[in-house]
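**Student:** We have chain A already, so just place chain B on it with the hints.
The residues making up each chain are set out below.
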Amino acid sequence: QKEVEQNSGPLSVPEGAIASLNCTYSDRGSQSFFWYRQYSGKSPELIMSIYSNGDKEDGRFTAQLNKASQYVSLLIRDSQPSDSATYLCAVNLPWGTDKLIFGTGTRLQVFP
Amino acid sequence: DGGITQSPKYLFRKEGQNVTLSCEQNLNHDAMYWYRQDPGQGLRLIYYSQIVNDFQKGDIAEGYSVSREKKESFPLTVTSAQKNPTAFYLCASTSARDTQYFGPGTRLTVL
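These protein sequence lines map, in sequence, to chains A and B. Quick note on numbering: the first sequence equals residues 1 to 112 in this note's numbering. Quick note on numbering: the second sequence equals residues 113 to 223 in this note's numbering.
What the hints contain is simulated information worked out from the structure, not anything from laboratory work. Take these hints with a grain of salt, some might be off.
[As the list claims (entries may be wrong)] Partial selection, computed: residues in chain A whose CB lies under 10 angstroms from chain B:
id, residue
1, 6
2, 8
3, 31
4, 34
5, 38
6, 42
7, 46
8, 88
9, 92
10, 100
11, 104
12, 105
Glycine is no exception: its CB is placed at the ideal position from the N, C-alpha and C atoms.
Chain A with its partners taken away, still in its complex shape (with noise of 0.2 angstroms):
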């Protein structure tokens, strides 16, 4: 079974600090590795796209990925409370299926 592990959390930072969200997954051929954002009673929204061991940088938002640990991991820096909502990590299934596994998410609260 493919799967994709996250702390649901709910994970609560200060305003301005570093929030670090984890997730591991369990398939060695993975290749594609995303972050959505999701608010409550919203669609999730694509953050982050990551392909290559190391980090990728976009805004305050820092995606880490370790294939030969199998885990990435998504850093937001300067936390704002409009970044309170639940994180999704995703990871394709490889060969050619063109289908994501999606971990049940963590909840991030940031608070003034």
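**Tutor:** Just chain B now, kept in the frame of chain A:
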């Protein structure tokens, strides 16, 4: 204005009734997907289609049916055989490298 649209936003179903959820995209994406999301759970794949006139079952296809007659459209029918259909339904389509984009969703409630 490109994107994925879903309708209706809210849908109520009576016992024994079939209902159809609409999903349309003008992004020229080949692959489209239907997911179901229940409170506190991740997204579960119902059906997906990689090309017109072809679709495959996902992990929880029982009680659902789809069609893909046009590239832009991928409607989902929730049949009376689906005994617990109350959920948030999400349609997505794929661009390059597996990146999926989601529509706004349809919230289905059984009366």
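**Student:** Go through the numbered hints given earlier and state which of them the structure violates, listing their numbers in rising order.
**Tutor:** Every hint satisfied by this model.
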